[in-house]
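Line by line, the protein sequences are chains A and B. Take the first sequence: its position 51, counted from the start at 1, is 51 in our numbering, and no numbers get skipped. Take the second sequence: its position 142, counted from the start at 1, is 1142 in our numbering, and no numbers get skipped.
The hints are simulated quantities; they were obtained by calculation from the structure and are not laboratory data. Be aware that one or more of the hints could be misleading.
[Unchecked claim] The calculated lysine to any residue pairs, modelled on SDA-like cross-linking and capped at a C-alpha distance of 20 Å, are: (1) B:Lys1107 / A:Lys95; (2) A:Lys95 / B:Pro1052; (3) A:Lys95 / B:Thr1041; (4) B:Lys1110 / A:Lys248; (5) B:Lys1132 / A:Glu93; (6) B:Lys1107 / A:Glu93; (7) B:Lys1128 / A:Pro107; (8) A:Lys248 / B:Val1070.
This one's a predicted model, so the numbers in the text were calculated from it and none came from an experiment.
Residues per chain, in single letters:
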Amino acid sequence: MNSVRNVLAIAGKELRSYFASPIAYVIIGLFALLFSRFFYAYLMVFVQRSSGMMGMQGGTNNINQEMIRYVLMNSAVIILFVMPMITMRTYAEEKRSGTIELLLTSPLTDLEIIIGKFVGAMGLYCAMLSVTVLYMAILFIYGNPEWRPVVAGYLGLLLLGGCFISVGLLISSLTKNQIVAGVITFAVFLMLWIINWSADQAGPTMRAVLNHLSIIDHFDDFSRGIIDTKHVVYYLSFITFGLFLTAKSVDSERWRG
Amino acid sequence: MIEVEHITKRYGRVTAVDDVSFRVERGEILGFLGPNGAGKTTTMRILTGYMPPTDGRATVAGFDVFTNPVEAKRRTGYLPETPPLYPDMTVREYLDFVARIKGVPPKEQKDRVTAVMKRTRIDDVTDKHCAKLSKGYRQRVGLAQALIHNPEVLILDEPTAGLDPKQIIETRDLIRGLAGDHTIVLSTHILPEVAQTCQRVVIINKGRVVAVDTPEGLTARLQGAETLYVQIDAMGAQPAPVLEKIAGVTRVAASDHRAGADGFEVESARGRDIRREIARTVVNNGWGLLELRPMRMSLEEIFLQVTTEESAPQAAPPPEPAAPLQPETPEGVQ
């Protein structure tokens, strides 16, 4: 019970600091702008295609598969670009300003602090995603998409975002400089995304490993509306591992001073 | 209340704190004195559970800071060298947050925050952002933060650094007022501060404890001999040989010389007051006694002596070595 209170205290503080500074607004605004551009482009393509199909007999025009899927895939990529800005300051800024001394000398465990920061970043991420819900609402008002695949897609986005945040926390905990943290986080995200680009040249085993490691590849099924346990487990274990390494990093920082 | 046993902290090959031991009794104010880089902050960080020692043990309020950190931290308030403020929070928001993470029960939180703001006199800036506070206010908000959960132990790293003289006096008064209810360890490199606020002093240099005593005890202990300053108008005579003949005088040195006023430093064995004899001798010789005062070593001089003794043992020995100051063993501290 006490732990929950501590985690929420940290998470609340994180959220407040995002919204007290321009960061939250810049990030959400940027995301909304890029998202709306993609949304509009895919909507136009879909409208054109389905009106063309109307002339032909028996053409299927599934908005879930033909449009929402691509919009979600593209949001995943935008998130990859935006997320480093959310996570880069989490630890780096506390270390630079010395407030880390307050946290580490308070009756909190390292894990409570880490999870609190994770939950705080997730909160901002959810606020960011909630903007996209408005766009989806438009589709539901003027069209008749199925809601289940959309929910699956959002679950996928949340899990994907969780992975990015856990990596971002880890990298932020390694440095005092938030710019350095941001740049490295961005590079690592990109690596995690394109790691399977060389899979085609690799042998069958290596190809399977590389494909499995690619963080965006696992999102593909979610974007189609499929919740596969395999991917859920992948994302959850990725998040756990990231947070575990962050805990180790914070602890080793302690010993080194 | 606080027990530090043989704590050592090494960063790589650098030893920041080397086998430090001391105890602080309940309600006491202990001054932690040393030049910059002596290991004060490191020791305090170990006590507050910010970092573990390489070796040794420390307990706060009966809880080992390493094996039972959460319980120890619950009973410790800590003001680091730079107050750990979040620039984008207002003072009240900040203290609310600190109260929450320090485990103040939600029902008492509001009262605690109000009480602490009043006590540290920051209730006029409650809605100001921490980023906009002056140095003095930042320091006081830092102090309020350390007091918020009414801890048994307060650890203050240079609480008066960067304050103006009036604020320094106010902060010292505040700290003195906290003693009794709280056990306080404060570090400083300003000597008068120790003399004015602390009941006991630990002098630390290059990571080692070089002395533990009361400020008065320290002064007395270092003074192997009593030294008097005498200024005489000897009307052209040579007073030095005469002064040397006085019973109890061990050494006479001319210190300054002006027309009609010669100054001497007269040393005597410890605990022997020879002021009357000197006055009588001077008057009996028909000279004018212009000045006669004890030359007490200031804490400044003691500090310099203790720390240089430690740092330069190979240097040329001082011409008149004072009684050597042995580092106290932890048994001796009690």
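> Are Lys1107 of chain B and Lys95 of chain A close enough, with their CA atoms no more than 20 Å apart?
Replying inline: 31 Å, violated
>> Between the alpha carbons of Lys1128 of chain B and Pro107 of chain A, is the straight-line distance 20 Å or under?
In response: Between Lys1128 of chain B and Pro107 of chain A the Cα gap is close to 27 Å, so the pair fails against 20 Å, i.e. violated.
> Between Lys248 of chain A and Val1070 of chain B, does the CA-CA distance stay at or below 20 Å?
Replying inline: Holds. Lys248 of chain A to Val1070 of chain B sits at ~18 Å (cutoff 20 Å).
> Are the Cα positions of Lys1110 of chain B and Lys248 of chain A separated by 20 Å at most?
Replying inline: 36 Å, violated
>> Can you confirm whether the C-alpha distance between Lys1132 of chain B and Glu93 of chain A stays at or below 20 Å?
In response: 18 Å, holds
>> For a C-alpha distance cap of 20 Å, please report whether Lys95 of chain A and Pro1052 of chain B respect it.
In response: 18 Å, holds
> Is the Cα-Cα distance between Lys1107 of chain B and Glu93 of chain A 20 Å or less?
Replying inline: 31 Å, violated
> Is it true that the CA of Lys95 of chain A sits at most 20 Å from the CA of Thr1041 of chain B?
Replying inline: The hint holds at about 16 Å.
Of the numbered hints listed earlier, those contradicted by the structure are 1, 4, 6, 7.
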